[in-house]
Structures are given as structure tokens and as C-alpha cells.
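> Sequence:
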Amino acid sequence: MALLRNLYYKLTPGQRLFARRLVYFPIDLFRKRSDMEPPKGKIFVGSGDFISHGKNTLELFKQHGGLLPDHNVLDIGSGIGRMAVPLTSYLDKTSRYEGFDIVKDGVDWCKKNITSKFSNFNFTHVDLKNDLYNLNTEKKASSYIFPYQNDSFNFVFLTSVFTHMMPDDMDHYLSEINRVLKNNGTCFATFFIYDQNSPEKYTNKGITFTFEKEKDFSLYNTNVKEANICFKKEYLYNTIRKKKFSVENFIQGWWIDGIKKESATDYQDILILKKKNSL
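Heads up: the sequence shown runs through residues 1 to 279, numbered per my numbering.
Mixed in with the good hints there might be a few duds.
[To be verified] Computed cross-link-like contacts, DMTMM-like style, restricted to lysine to aspartate or glutamate with a CA-CA straight-line distance of at most 20 Å:
| id | residue 1 | residue 2 |
| --- | --- | --- |
| 1 | K140 | D151 |
| 2 | K104 | E37 |
| 3 | K139 | D195 |
[Said to hold, decoys possible] Between beta-carbon pairs, the in silico distance windows are:
| id | residue 1 | residue 2 | range |
| --- | --- | --- | --- |
| 4 | F250 | S34 | 12 to 20 Å |
| 5 | I145 | D105 | 40 to 48 Å |
| 6 | N56 | K129 | 27 to 35 Å |
| 7 | S34 | D105 | 28 to 36 Å |
| 8 | D216 | S89 | 26 to 34 Å |
| 9 | N120 | E234 | 19 to 27 Å |
| 10 | S246 | D35 | 37 to 45 Å |
| 11 | N136 | N223 | 15 to 23 Å |
Note that these hints are calculated values from the structure, not bench results.
Backbone N, C-alpha and C fix where the C-beta goes; we use that ideal spot for every residue, glycine too.
Please model the complete structure; the sequences and the hints are all you need to start from.
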């Protein structure tokens, strides 16, 4: 598994997408699916079943994030609609959904298959550099201003986005999230988080992190830095508080030892953040 993953990361983003389409071509050719489910060869984020994973994560939004049908929602890293699809059956028609992503193929699929049926669902392609997904530009996430007005959303979420962002980019995104959230709005975000009690080294599902406890973050692959990033808990919490969020809940995932605990709800760690009232 580790060897395959390392070989995979040696490919360019375009080559990775092509390889996936090639591998899944026979399945996509004969497999029946709804028009709200993309071909497996086009899915470039996450693992597992596209539909069931989306439904399960929506339940986490409701249970831990307090998401309601009348909320205005921002999906950062909307991908190819894994969360937008179940949200079409949950959000009111008067609610607003906005999603943006750096992979144009995903945005185009969402516009064609989701926006065409649900006019309150909008998707935006953003051309930003990322070692894992987009090398066709030098524009940095750390300077990107979200194209939304202040205090626009009740609920913002990022699933497996901060796990692919360097500290400067994450820092800036937290500032922008705070800006576009309404007072007392919620941010649901997943991370890989370690602390002083974490093992010196972690290996699971072909990913190995060597934790240097004195550093603020650890990388899986130094050549493809944004492949997988793990943040030190103390550093992460300090950064979050500086951005005027409170940490309402920390739900530990089972990534760090590969053992699914009864209290864990997701592979990655989940943080529920609340925007503090402005005076």
C-alpha cells in the first residue's frame, strides 16, 4: 500500500486523474448509477462509497454541527459534489448553498448535474496552486479572498481540506471563514491532529507520519507537501483562537492507530468551531 501511494504521488495531478479514469473505465462502462452520482473514474477525493459517505457525513453535520434546513451553507473544497448531493435533499429551497474547488472537472460536473436541478446550489472554480491537485498556476490559497459578502453563512464546512493545506494557507482560510460566517455561525472542519501523547511514528492505510513534537506540523511526503498534513494540537488551537473562534467540540478520529473506537465518528479528527460574537 505504501509503495503504491508513493508511486501515485510521483505522478502529476493530471496524470493521477487519468490513471484513475483508466482503472475504473470498465466499471463505469457497465455500472448503473443515478445522474446525481459521478462515474468512479471522475471521483478525485476520498474513498469508500460516494453516496453512503455523503449521507453519513451529513448526519455528522446535523448531530455535531447543528446544521438546519434553513441555513445558508458554504462548502470549501466542494470536489465533485459528495456533500452537495445529500444536501439537496436536506436544505430548504430558500436556503443558499455555495461551493468552490480548485479542480475544474469537479465544478463542471456539479454545475451540470446539480445546479441544473437545484438553482439555489452554486459552484465556483478557483484556480489555486496545490501540490496534490493543481500545478497549473502560481496563485496561492494564502492570498485568496472568498467571493462572498461578510456574514453570509450560518454553516461552513471543510471535509479533508485542511489535511491538504500548509499552515499559511490554513491560517488565511480561517480568517476568511470568520469573515463570511454570521455571528455564532459554525465551522465543521476535519484534520489530522497530534499532541505530546501521540506515538513518535504512525502508519496506517499506507500513510506514515513521523511526529517531530517540537514542530507545529508533520508531512507525509516532503516532495508533495500537501498530500497529507498533520497539525500539532497546541499550535492548531492557538491559531483557531487568534482567528476569533471558540473550539466547541473535538471528536477524535481513528486515523492515528487504525482502531475504530466507539466514540469516533470519522476517520479524520473533527473540530466544531463557533464564531465569537463581534462587539
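> All hints are to be evaluated individually against the structure, with a verdict given for each.
Hint check:
A hinted pair counts as satisfied when its Cα atoms are at most 20 Å apart, and K140 with D151 does not qualify at roughly 24 Å. Note on K104 and E37: the hinted pairing holds, with a Cα-Cα distance of about 17 Å set against a maximum of 20 Å. A distance of roughly 32 Å separates the Cα atoms of K139 and D195; the hinted pair therefore is violated under the 20 Å criterion. Between F250 and S34, the C-beta spacing of about 36 Å breaks the proposed range 12 to 20 Å.
Hint check: I145 to D105, Cβ distance near 24 Å, so the stated range 40 to 48 Å is violated. Judged by the Cβ atoms, the range 27 to 35 Å given for N56 and K129 holds: they are separated by roughly 31 Å. Under the hint 28 to 36 Å, the C-beta atoms of S34 and D105, about 19 Å apart, miss the expected range. Taken as a hint, the range 26 to 34 Å is violated for the pair D216 and S89, whose Cβ atoms sit roughly 40 Å apart.
Between N120 and E234 the beta carbon distance is about 40 Å. The supplied range of 19 to 27 Å is therefore violated. A C-beta distance of roughly 41 Å is found between S246 and D35, which places it inside the suggested range of 37 to 45 Å. As the Cβ distance of N136 to N223 is approximately 18 Å, the hint placing it in 15 to 23 Å holds.
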